[in-house]
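Engineer: For reference, the chains in residue letters:
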Amino acid sequence: MIEVAGLRVVFPPNVVAVDGVDLSVRPGEFVVILGRSGSGKTTLLRTLNRLVEPTAGSIRVDGRTVTGAGPAELRAIRRHIGMIFQQFNLVRRASVIDNVLAGRLGFVPPLPSLLGRFPERDHALALDCLAQVGLAHLAGRRADTLSGGEQQRVAIARALAQEPAVILADEPTASLDPALTTEIMDILRRINVERGLTLVVSQHQLDTALAYATRVVGLRRGRVGFDGPPAAVTPAAVEAIYDGGSPR
Amino acid sequence: MKRAAVFVGLVVFGWLVWDTGADPTRLVRGIPWIIDFLRRMMPPDFHVLPAVLAGALTTVEIALLGTTVAAALALPLGFLSARNVVTPPVFYPARVLLNFLRSVDTLVYALVFVAAVGLGPFPGVLAVIAYTTTSLAKLYSEAIEGIERGPVDAITATGATRLQVLRFGVLPQVLPLFLSYVLYRLETNIRAATILGFVGAGGIGFYLQTYLRMIDYPAASTALLVTIVMVMVVDAVSSRVRARLV
Chain B
3 MIEVAGLRVV FPPNVVAVDG VDLSVRPGEF VVILGRSGSG KTTLLRTLNR LVEPTAGSIR
63 VDGRTVTGAG PAELRAIRRH IGMIFQQFNL VRRASVIDNV LAGRLGFVPP LPSLLGRFPE
123 RDHALALDCL AQVGLAHLAG RRADTLSGGE QQRVAIARAL AQEPAVILAD EPTASLDPAL
183 TTEIMDILRR INVERGLTLV VSQHQLDTAL AYATRVVGLR RGRVGFDGPP AAVTPAAVEA
243 IYDGGSPR
Chain C
5 MKRAAVFVGL VVFGWLVWDT GADPTRLVRG IPWIIDFLRR MMPPDFHVLP AVLAGALTTV
65 EIALLGTTVA AALALPLGFL SARNVVTPPV FYPARVLLNF LRSVDTLVYA LVFVAAVGLG
125 PFPGVLAVIA YTTTSLAKLY SEAIEGIERG PVDAITATGA TRLQVLRFGV LPQVLPLFLS
185 YVLYRLETNI RAATILGFVG AGGIGFYLQT YLRMIDYPAA STALLVTIVM VMVVDAVSSR
245 VRARLV
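First to last, the sequence lines map onto chains B and C. For the first sequence, the residue numbers in our numbering are 3 to 250. For the second sequence, the residue numbers in our numbering are 5 to 250.
Check before you lean on any hint, since a few could be wrong.
Partial list, derived from the structure: chain B residues whose beta carbon lies under 10 Å from chain C [as the list claims (entries may be wrong)]:
{"no.": "1", "residue": "Arg81"}
{"no.": "2", "residue": "Met85"}
{"no.": "3", "residue": "Arg95"}
{"no.": "4", "residue": "Phe109"}
{"no.": "5", "residue": "Ser115"}
Since the hints were made in silico from the structure, they are not lab data. All C-beta atoms in this analysis are idealised placements derived from N, C-alpha and C, irrespective of residue type, glycine included.
All chains should be built: construct the whole structure from the sequences, respecting the hints.
Structural biologist: Take a look at the structure:
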C-alpha cells in the first residue's frame with residue numbers, strides 16, 4: 003500500500019530530519035511510528051503526501067508514484083490519503099459539517115465548490131461520516147465550540163469523507179488527556195478493522211503504541227531503528243528507539 | 005551618548021518652534037477672536053437644514069459606494085501581496101505598488117479626479133476608491149499573513165486545488181477580519197468625504213466651505229453640527245458591528 007525507498011528529507015541549511023528510510027506498508031496494517039520528539043515522525047508522515055517535499059528517495063502510495071507527480075496528479079493522489087493532525091487543524095469559524103465536507107474537495111466539481119455548493123451525495127456522505135464518529139447531532143455547530151476530543155473526531159470524519167485507502171495520523175492524541183486518547187485510538191482501530199483501512203499513526207507514547215499497533219516502526223534520528231510486531235518490542239528495543247531516553 | 009541625544013533633540017525642537025513661528029502668546033491673544041467666531045455662529049441657522057442634510061446624504065453615499073467598491077478591488081491585491089500566498093517575484097512588486105499608491109492621501113486623489121471628470125460626488129467616489137483600495141489591500145494582506153497554518157495544511161492534504169485551499173482554508177479565517185477592516189475604513193471615509201467637498205468633490209463639505217466663504221456663520225454651524233452628528237452615528241453603529249465580528 004505504501005512503498006518508501008531511500009527517503010531523505012533535509013531542511014535548509016542542513017537539518018537532516020529523515021535520513022534514509024525504507025518502509026513497506028501492506029494493506030490493512032495498523033502501523034505505529036514510534037519515537038521521541040524530534041526523531042522525524044512528523045516529517046516522515048508529512049512527506050508521504052508531500053506536505054513536505056522529500057530531498058531524495060521515492061514514495062508510492064496505492065500503486066501511484068507520489069514523488070515527482072505533477073500538481074494535478076498529486077491532488078489525485080492526496081484525495082485518497084486521509085490525514086489527521088495533532089492540533090486537529092479544523093477551520094475554527096466554520097461549522098462542523100462544513101469541516102467534514104472539506105474532505106470531499108478533491109472529488110466535487112471545483113467551481114460550484116468555490117461557491118460553497120456540494121452535491122447532495124457528498125452532503126449525505128459527510129453526515130454519514132460524522133455519524134460514524136458519533137457527532138451527527140453537532141453538525142450545525144461552529145467547530146471551535148467543540149471540546150478537543152470532539153474536534154479530533156470531526157477531523158477523523160473529514161478524513162473518512164475522502165473515502166481514503168490510507169489514513170495518516172500525526173500524533174493524533176498528543177493534545178488530549180488519557181481518557182480521550184483511548185477514545186480516539188479506539189475509533190482509529192475500528193476504522194482499521196471494519197473498513198480494512200491502512201493506518202500509519204505516529205505516537206510518542208509507548209503503551210498506546212503497543213496497545214493498538216499491528217506493527218511498530220521505531221524511528222531514531224531519522225532512521226528506522228526497529229520494525230516488527232508489538233510483541234517483539236523488548237526493553238532493549240525500547241532503549242534503542244528512545245535513544246537511551248525516557249519513553250515518555 | 006544619552007546626553008548628546010537629548011541635546012540634539014532640544015536643538016531640533018527649538019529650531020522647529022522658531023521656524024514654524026510657534027508662539028503661545030499669539031494663541032492667547034487670538035482667544036477673543038475664537039470666542040467672537042463661535043458667538044457669530046450662534047444660533048445655528050436651521051433654514052439651510054434641508055440643503056445640508058442632502059449634502060450629508062451625498063457624503064455618506066460617497067463613502068459607502070467608494071468603500072464597497074474598494075473592499076472588492078482590494079481582495080485580489082491583498083492576496084497578491086501576502087508573503088505566504090505568492091512567491092517573492094509577485095509579492096515584492098505588489099507591495100511596492102501598494103506603498104507607492106498609499107502614500108497619496110484621499111484628498112490629493114480628489115484634486116486629480118475633479119480635474120479629470122469635473123465637479124460633483126463622482127470624483128469623490130473615485131478618490132475614496134483609489135485610496136481605500138490600497139489601504140485595505142495592505143490590511144487584508146497582513147490578516148492573510150497572520151493565519152493559522154494548520155487548517156491550510158489540512159485542506160491541502162484533502163487534494164484540494166489552490167483556489168479551494170484559499171476558499172476553505174484561508175477565507176474563513178480572514179473574512180471576519182476583512183469585514184471589520186472595511187467597517188473601520190467606512191468610518192474614516194465618512195470623515196474624509198466631508199473634506200472632499202472642499203475641493204469640489206460633492207457632499208456636506210461643499211456646503212460648509214460655501215457658507216464659510218459667504219461669511220454666513222450661522223449656516224456654517226448648522227453644517228458643522230450635522231457633520232458631527234453624522235460621524236458620531238456612523239462610528240457608533242460601525243463599532244458595535246465590529247465588536248461582534250472579532
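Engineer: All hints, please: hold or fail.
Structural biologist: Outcome of the hint check:
1. Nearest Cβ of chain C to the Cβ of Arg81(B): about 3 Å, under the 10 Å cut. The hint holds.
2. Among the interface hints, the one on Met85(B) holds; its C-beta lies about 4 Å from the nearest C-beta in chain C, closer than the 10 Å criterion.
3. Taken as an interface hint, Arg95(B) checks out: its beta carbon lies about 5 Å from the nearest beta carbon of chain C, inside 10 Å.
4. At its closest, the beta carbon of Phe109(B) sits 8 Å from a beta carbon of chain C; the interface hint therefore holds under the 10 Å criterion.
5. Interface restraint check: Ser115(B) against chain C, minimum CB-CB distance 6 Å, threshold 10 Å, status holds.
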